[in-house]
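Since chain A is already given, all that's left is putting chain B on it; use the hints.
Chains A and B, in that order, are what the protein sequence lines are.
With our numbering, the residue at position 244 of the first sequence is 247, and numbering never jumps.
With our numbering, the residue at position 23 of the second sequence is 26, and numbering never jumps.
No lab work stands behind these hints, which were simulated from the structure alone.
There are no misleading hints in this set.
Identical copies carry no separate label here, and so any pair may be met within one copy or between two of them.
Derived EDC-like pairs: lysine to aspartate or glutamate, alpha-carbon spacing no greater than 16 angstroms straight-line: (1) K113 to D82; (2) K113 to E135; (3) K307 to D318; (4) K113 to D80; (5) K307 to E320; (6) K113 to E383; (7) K113 to E44.
None of the values given here were measured: they were computed from a predicted structure.
Protein chains: 2
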Amino acid sequence: MRILVLGGDGYLGWPTAMYLSARGHDVAVLDNAVRRQYDHELGSGSLVPIESLRTRIRVWEETTGRRIESFHGDLTDADFAYETIRRFGPESIVHFAEQRAAPYSMIDRKHAVYTQTNNIVGTLNVMFAMGELDRDIHLVKLGTMGEYGTPNIDIEEGWLEVEHNGRSDRVLYPKRPGSFYHLSKVHDSHNLEFGCRIWGLRVTDLNQGIVYGQQTEETALDARLATRFDYDAVFGTVLNRFAIQAVLGRPLSVYGAGTQTRAVIDIRDTVECIRLACENPAEQGEFRVFNQATESFSLAEMAKIVANSYPGQVDVEYVDNPRVEQENHYYAFTHTALESLGLEPHLLSDTLLTSMFGIIEQHRDRVDLDALRPTVRWREAISSRSS
Amino acid sequence: MRILVLGGDGYLGWPTAMYLSARGHDVAVLDNAVRRQYDHELGSGSLVPIESLRTRIRVWEETTGRRIESFHGDLTDADFAYETIRRFGPESIVHFAEQRAAPYSMIDRKHAVYTQTNNIVGTLNVMFAMGELDRDIHLVKLGTMGEYGTPNIDIEEGWLEVEHNGRSDRVLYPKRPGSFYHLSKVHDSHNLEFGCRIWGLRVTDLNQGIVYGQQTEETALDARLATRFDYDAVFGTVLNRFAIQAVLGRPLSVYGAGTQTRAVIDIRDTVECIRLACENPAEQGEFRVFNQATESFSLAEMAKIVANSYPGQVDVEYVDNPRVEQENHYYAFTHTALESLGLEPHLLSDTLLTSMFGIIEQHRDRVDLDALRPTVRWREAISSRSS
Numbered sequence: 004m005r006i007l008v009l010g011g012d013g014y015l016g017w018p019t020a021m022y023l024s025a026r027g028h029d030v031a032v033l034d035n036a037v038r039r040q041y042d043h044e045l046g047s048g049s050l051v052p053i054e055s056l057r058t059r060i061r062v063w064e065e066t067t068g069r070r071i072e073s074f075h076g077d078l079t080d081a082d083f084a085y086e087t088i089r090r091f092g093p094e095s096i097v098h099f100a101e102q103r104a105a106p107y108s109m110i111d112r113k114h115a116v117y118t119q120t121n122n123i124v125g126t127l128n129v130m131f132a133m134g135e136l137d138r139d140i141h142l143v144k145l146g147t148m149g150e151y152g153t154p155n156i157d158i159e160e161g162w163l164e165v166e167h168n169g170r171s172d173r174v175l176y177p178k179r180p181g182s183f184y185h186l187s188k189v190h191d192s193h194n195l196e197f198g199c200r201i202w203g204l205r206v207t208d209l210n211q212g213i214v215y216g217q218q219t220e221e222t223a224l225d226a227r228l229a230t231r232f233d234y235d236a237v238f239g240t241v242l243n244r245f246a247i248q249a250v251l252g253r254p255l256s257v258y259g260a261g262t263q264t265r266a267v268i269d270i271r272d273t274v275e276c277i278r279l280a281c282e283n284p285a286e287q288g289e290f291r292v293f294n295q296a297t298e299s300f301s302l303a304e305m306a307k308i309v310a311n312s313y314p315g316q317v318d319v320e321y322v323d324n325p326r327v328e329q330e331n332h333y334y335a336f337t338h339t340a341l342e343s344l345g346l347e348p349h350l351l352s353d354t355l356l357t358s359m360f361g362i363i364e365q366h367r368d369r370v371d372l373d374a375l376r377p378t379v380r381w382r383e384a385i386s387s388r389s390s
Numbered sequence: 004m005r006i007l008v009l010g011g012d013g014y015l016g017w018p019t020a021m022y023l024s025a026r027g028h029d030v031a032v033l034d035n036a037v038r039r040q041y042d043h044e045l046g047s048g049s050l051v052p053i054e055s056l057r058t059r060i061r062v063w064e065e066t067t068g069r070r071i072e073s074f075h076g077d078l079t080d081a082d083f084a085y086e087t088i089r090r091f092g093p094e095s096i097v098h099f100a101e102q103r104a105a106p107y108s109m110i111d112r113k114h115a116v117y118t119q120t121n122n123i124v125g126t127l128n129v130m131f132a133m134g135e136l137d138r139d140i141h142l143v144k145l146g147t148m149g150e151y152g153t154p155n156i157d158i159e160e161g162w163l164e165v166e167h168n169g170r171s172d173r174v175l176y177p178k179r180p181g182s183f184y185h186l187s188k189v190h191d192s193h194n195l196e197f198g199c200r201i202w203g204l205r206v207t208d209l210n211q212g213i214v215y216g217q218q219t220e221e222t223a224l225d226a227r228l229a230t231r232f233d234y235d236a237v238f239g240t241v242l243n244r245f246a247i248q249a250v251l252g253r254p255l256s257v258y259g260a261g262t263q264t265r266a267v268i269d270i271r272d273t274v275e276c277i278r279l280a281c282e283n284p285a286e287q288g289e290f291r292v293f294n295q296a297t298e299s300f301s302l303a304e305m306a307k308i309v310a311n312s313y314p315g316q317v318d319v320e321y322v323d324n325p326r327v328e329q330e331n332h333y334y335a336f337t338h339t340a341l342e343s344l345g346l347e348p349h350l351l352s353d354t355l356l357t358s359m360f361g362i363i364e365q366h367r368d369r370v371d372l373d374a375l376r377p378t379v380r381w382r383e384a385i386s387s388r389s390s
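Isolated chain A (complex conformation) (with noise of 0.2 angstroms):
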């Protein structure tokens, strides 16, 4: 299958676009390198050392023999997007390619500004070239549990069945995201249901948990294929946050009272699910949302598996919440689709993070303290930090 990854250098798209590869899928990726940009911006960066696209490229080919095809441009610019896509011919569409922090989306309102008309616009190309150019291409795009919110609810797979005055309908399932980067992905949804309606598009929104790890099979093979591995208060997820902070003998930092519950995912589920999606496309005109994501903890859970797998002395501290979200709510959600469809779900295990505090303790030296602490706050409105 020809399959073209948007935003194919990033933490996810890299791993992806060499899993598809190496399964024997015809892969090429896209991408604008604006990830590596963000890095310069905040003086923040990946523990484990990246390679350019170029050369993880030239290495997966010298290592597998197998040929990952190139485009760099930005998705918002129509005519590239129309191009590559004309070019590529893709039968599956993997789309990465958008502003992916929460934080970053509410640094001030120049990044919200930016996060959603990066995203939305992207976005709106692709379907307005898929519409154009060939409705029979299957988008299998990200989304975020972060979507939903925390309803008080069960959270199902995008569509919600309600019964109300006696009457019933199928309606998209009512979403309460928590950040302008969250937002982003509703906008989006609500986008692509209207191109299936209208185009007989065929969609898939893959509501992602948050995901952990840094090692899938393919960036095992050569230190140069290495994804990466974000740590600081913008970009790293939280996971990944307290494995290094438990490495670097700092306390793991909770925001309020850790009550608050995520679903989350491991890296090698998230290329196995991609996998899954492409290879049992959506119907034609069907939007299909599945919850990719396997399990779901308190923050304060999630510290406490971290404390107990690492063999060392570890403090958790709990610091004022700078992001306003409900820290006492309930919490469940359905992840049927993905496993119905074969994926056998990785746990969060001991020996997981076994090998994810041996990356860091590799890496430690590179590590930037400073770029652990939050400093994005949710309750502050600011144009612009810079002014």
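Frame of chain A, contents of chain B only:
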């Protein structure tokens, strides 16, 4: 009360500004005149001649002795949005300043992207300005009944009590809008609800029905105070279009089977609803939604009402539906909030239509018949019509 009307040069913005001014409020308008620019782009225009904003304001002062302040600029320019709010210091902001035609947003990719970025960024800038400068300002934001689509359950006012698997929650009413324009309003609503949560903003979201009519007490004071009257297939709303077709002796063109039902409201009720919302603000942190519509009719019923009230022969023709929409559907909506604040609805009556017929008769020579024909088709995906 100091009230800033965003989009105060438009079809409804201008009558609203005068209505509020006449009732003792200190009113300022902000506009970038882009609605007049769309006329140049499309080669269309208001049936009734309209004056420049400068002349309108001058005549208003000559006629009533009341001043309306004016700020020329674009809301997507954050510095301008902030500066206007800082200088005028409004207690309420009424926000009409969005691209508001579904067919315009469906012309091609460029117009879809323009509509969504223009509407979303303008509203984000207003939200941030409120969050940073004065969280006590009450935002009265124009949405549309079209955001809901045509669900098989009763449409409530923005929120829905849901029972699911034995648990319950109050959630944002699930929406399934029918154009990139309608989607932009759904995106705004999600962003604004978040602003209420994180910054304690006060927001009233008015989901307005299709507006008909062209005269209010204030526009009737002087011909130079007239508001625009659109009849073209892009910006003309359905009842106004039918009335014009009747007067011109053209068949009333009903899209599809005409069984699609839509909520409507008289322009004289629109301005009163805005006054009621401003004078009864939402609470700090409250995202309040009113359905600003008073009746609903199928398109075929609307055609019949116009045909019956016109004193001459009127034919009705059924044309291929250029939109993708459900034609046979349930439709029932709640609209008690504004009535409980004191709204006494004008209902679609012969009286009003007769006054519309007179206005049309007076300007019939200005009609461009070609402009009545729908040319934008929902099923087509086009990157750029001009290329």
